[in-house]
Amino acid sequence: MPRGLAEVSEIDLSCRLPLLVLFISAAKWLVIGWIFELIGSLKFHNPGFLADYSWLTYGRVHPAFTNAVVYGFCVQAGLGVMLWLFAQMGGVALANRWLVTVGAIIWNLGVTVGIIGILAGDSTGFEHLEMPGYASILVFIGYLAIAIWAAVTLHERRRRELTASHWFLFTALFWFPWIYSTANLLLVSFPVRGVAQAVIAWWYSQNLLVTWLGLLGLGTLFYFIPKLSGRDLHNHYLALFAYWILVMVAGWGGIPASAPVPAWMPAISAVASVLSVLGAIAVGLNVCHTLGCSLRPVRGLPQLSFLVFSGCAFVLAGVMRAASALLVTEQTLRLTWFGPAVQLLDYYGFFAMAGFGAIYVILPRLLGVSFPWPKLVRVHFWVSAIGVLLVVVPFAICGAIEEARLDAAQPFVTIMRSSMVFLRISTMGDLLILLGHVLFLANLTGAVVGFYRLRARTAYSVLTADLFKPAGARP
Amino acid sequence: MNFGPIIFLVAFFGLCCSWLGLVLTPQIQIGRLQQTNTIPAGVVYPVQRPGLARQGLAVYRANGCQYCHSQQVGQTGTICDVVLTDAGTNETSTLVALRKVRPSFSEAQDRQLLAGLPKTIREGITKEAADAAVKVINASGAKATAWIVPVGPDIAEHWGARRTVAEDFLFDYPVLPGTQRVGPDLANVGMRLPDANWQLRHLYAPRSVVKDSLMPPYRFLFEKRRIGRSPSPDAVNLPPELAPEPGYEIVPNPEGSALVAYLLSLRASEPLFDAPLSVAEATTASTNAPAQATTSTNAPAK
Chain D
1 MPRGLAEVSE IDLSCRLPLL VLFISAAKWL VIGWIFELIG SLKFHNPGFL
51 ADYSWLTYGR VHPAFTNAVV YGFCVQAGLG VMLWLFAQMG GVALANRWLV
101 TVGAIIWNLG VTVGIIGILA GDSTGFEHLE MPGYASILVF IGYLAIAIWA
151 AVTLHERRRR ELTASHWFLF TALFWFPWIY STANLLLVSF PVRGVAQAVI
201 AWWYSQNLLV TWLGLLGLGT LFYFIPKLSG RDLHNHYLAL FAYWILVMVA
251 GWGGIPASAP VPAWMPAISA VASVLSVLGA IAVGLNVCHT LGCSLRPVRG
301 LPQLSFLVFS GCAFVLAGVM RAASALLVTE QTLRLTWFGP AVQLLDYYGF
351 FAMAGFGAIY VILPRLLGVS FPWPKLVRVH FWVSAIGVLL VVVPFAICGA
401 IEEARLDAAQ PFVTIMRSSM VFLRISTMGD LLILLGHVLF LANLTGAVVG
451 FYRLRARTAY SVLTADLFKP AGARP
Chain X
1 MNFGPIIFLV AFFGLCCSWL GLVLTPQIQI GRLQQTNTIP AGVVYPVQRP
51 GLARQGLAVY RANGCQYCHS QQVGQTGTIC DVVLTDAGTN ETSTLVALRK
101 VRPSFSEAQD RQLLAGLPKT IREGITKEAA DAAVKVINAS GAKATAWIVP
151 VGPDIAEHWG ARRTVAEDFL FDYPVLPGTQ RVGPDLANVG MRLPDANWQL
201 RHLYAPRSVV KDSLMPPYRF LFEKRRIGRS PSPDAVNLPP ELAPEPGYEI
251 VPNPEGSALV AYLLSLRASE PLFDAPLSVA EATTASTNAP AQATTSTNAP
301 AK
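Same order as they appear, the protein sequences are chains D and X. Its first residue numbered 1, the first sequence is counted upward by one per residue in my numbering. Its first residue numbered 1, the second sequence is counted upward by one per residue in my numbering.
Since the hints were made in silico from the structure, they are not lab data. Take the hints with a grain of salt, since some may be wrong.
Claimed, not checked - Anything over 12 Å on all C-beta distances counts as not near chain D; from chain X, calculated: (1) T92; (2) R111; (3) T164; (4) P240.
Said to hold, decoys possible - These stretches of chain X come out as covered by chain D in the derived footprint (C-beta under 8 Å, 3 or more residues): (5) 95-103; (6) 115-126; (7) 136-147.
Glycine included, every Cβ here is placed at the ideal spot set by N, Cα and C.
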């Protein structure tokens with residue numbers, strides 16, 4: 001640990017409080033979420049595990065996990081990174097940091113209430129929108145309290161030019177309240193009739209996990225990868241092309257082929273999934289060429305490794321989604337473990353990894369201290385990367401096998417029994433990921449504690465400087 | 001690149017399109033869906049689930065059953081069978097017609113066939129071919145009908161007779177078609193496994209009825225109580241190793257009863273205009289009628 005506090009710029013200083021609240025609570029939610037995931041995963045080894053407690057049944061811990069990760073970590077960390085980027089890229093201090101902090105606290109309160117509600121059996125039942133109505137109001141207010149000041153910061157920027165990152169982040173800023181309010185109004189407050197509910201739920205899920213996280217994640221990647229590798233973004237227009245695809249096409253995906261709805265909806269979704277692969281390829285090319293098509297710039301920079309991994313995961317998720325849409329067997333493939341594999345790649349392999357990379361860069365700058373255990377950053381990268389692969393790859397293979405066996409009209413119980421080996425491997429992956437999150441949280445809190453200890457020590461030495469002066473020096 | 005308002009307009013337009021396309025249009029098209037009639041019986045479908053089953057849907061939602069069970073049977077297409085129902089009075093002309101319809105069979109086989117009707121004479125052909133065959137047979141004075149049979153991996157698993165359609169969820173809130181199948185599809189579980197006590201026992205101790213089941217036991221939906229004057233009709237039939245001590249019985253609590261009522265009300269298999277299917281005429285078309293105990297009851301889940 002360095003002896004003293006490094007100089008912190010005024011911009012970073014303005015972001016310090018709200019971002020610390022956002023990042024530390026995000027890391028905390030990640031640990032909580034993965035504990036739920038681990039409980040859920042262990043139930044596949046032994047269905048009787050914790051089965052007698054209604055609040056720990058699989059159907060409750062699973063949504064508690066996805067909500068803790070998506071709303072607790074992804075959105076929260078994403079907002080933090082967005083605030084910092086708007087301030088940093090605009091060369092202006094964060095507007096109204098106190099209200100932003102209050103917003104972050106309300107957001108966390110909302111997520112806490114929501115997850116307790118889910119565990120208590122109050123879930124709405126719609127995937128990725130499970131938090132009950134009373135919690136979503138808090139979440140929404142919290143978001144608005146943060147987003148308004150993000151928009152004001154963007155508006156007040158001193159460097160007027162807008163980069164590709166600005167496009168992505170600014171769009172994400174108002175995309176979330178739109179989809180979140182639509183879904184909550186039409187599904188929870190004034191529910192529409194019949195299967196239109198399911199369509200809206202799929203639309204929301206797709207727009208949140210693919211479009212919104214895509215916008216935020218890519219905005220982060222296109223800023224940090226050039227910055228950290230010390231090269232310029234390879235092609236600005238390629239980035240904008242990915243933006244157009246994300247905004248215009250990706251929001252149409254998400255309706256599965258097996259859905260009991262008029263056929264044009266799944267058809268248009270399949271077209272959108274296939275077209276979206278162009279965006280994924282554009283991102284892949286851009287990231288690759290920015291790094292000079294070699295992994296040399298990544299060496300010695302674990303933060304950059306996170307970001308590059310995230311870019312690769314984005315491409316892979318896009319390709320997997322397009323491939324499954326093109327297959328004739330898409331109807332049943334989507335309902336196997338293949339679906340969760342792609343989803344995990346979206347919000348964890350892509351988004352959370354980008355978030356880790358960005359937070360590891362931003363946090364030391366906010367505090368002016370470096371991490372207490374810098375080597376653990378590298379360990380965290382490897383543990384998370386291997387962990388996520390250990391979940392995604394077995395799930396995808398398991399899904400493909402399940403699908404093939406279902407097509408061969410084998411009895412379902414036999415098919416499920418054969419999937420057990422893959423689920424066991426995925427539990428190993430979950431354990432590794434959880435370990436990574438504990439390291440992440442430890443490093444973050446360690447840095448904050450170290451910072452306050454240094455500050456206290458400095459303040460103490462300033463206060464007591466007089467006392468220890470030689471007697472003669474006193475006036 | 002410095003076009004702030006333009007970014008806003010572009011993004012706004014993109015979001016608007018997707019919102020109009022997948023929120024507003026579905027609401028216009030299927031959000032105002034009305035009840036329909038079954039074909040050919042002409043019975044109103046669907047009818048509201050009974051009150052207890054509606055409470056059961058809330059239990060289903062609260063415990064997140066939809067994360068492991070879908071309610072969307074898919075089908076890859078339909079095929080037709082031709083069924084000979086009546087040989088008519090002119091056996092010779094019927095035999096001639098039969099030879100035309102299925103030239104690969106011998107006359108002796110055809111004669112044998114006429115002995116016990118109805119019999120399926122062609123299987124797995126297209127609707128056009130089936131209609132043509134029916135026309136030939138009917139012209140000879142005999143009677144044949146074309147049977148529409150949906151096919152696909154889900155149907156082969158016996159999860160339903162036809163694909164699930166929008167009407168099946170008309171009165172449900174929330175609509176939970178599910179996204180993953182860790183367990184079997186439940187769109188027709190009330191048809192497939194209509195025995196309430198089987199369902200209760202399965203919820204209480206899944207592995208006692210389905211070997212190697214991955215489903216966790218839901219014992220919090222049950223309570224153990226002392227047997228009163230006579231055993232409760234709802235008491236779960238348990239094998240000796242799971243049964244409570246003598247004088248006690250395991251009965252579902254209100255949530256457990258509601259959940260089973262909901263499961264038994266899942267019977268999405270009526271023939272509809274958008275999901276055609278031929279059914280025997282004797283079948284009643286009402287959907288939420290209590291389960292008929294005609295099918296075998298304790299068969300393991302397929």
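Status of each hint after checking the structure:
no., hint, verdict
1, T92, "holds, 41 Å"
2, R111, "holds, 34 Å"
3, T164, "violated, 4 Å"
4, P240, "holds, 19 Å"
5, 95-103, "violated (count 0)"
6, 115-126, "violated (count 0)"
7, 136-147, "violated (count 0)"
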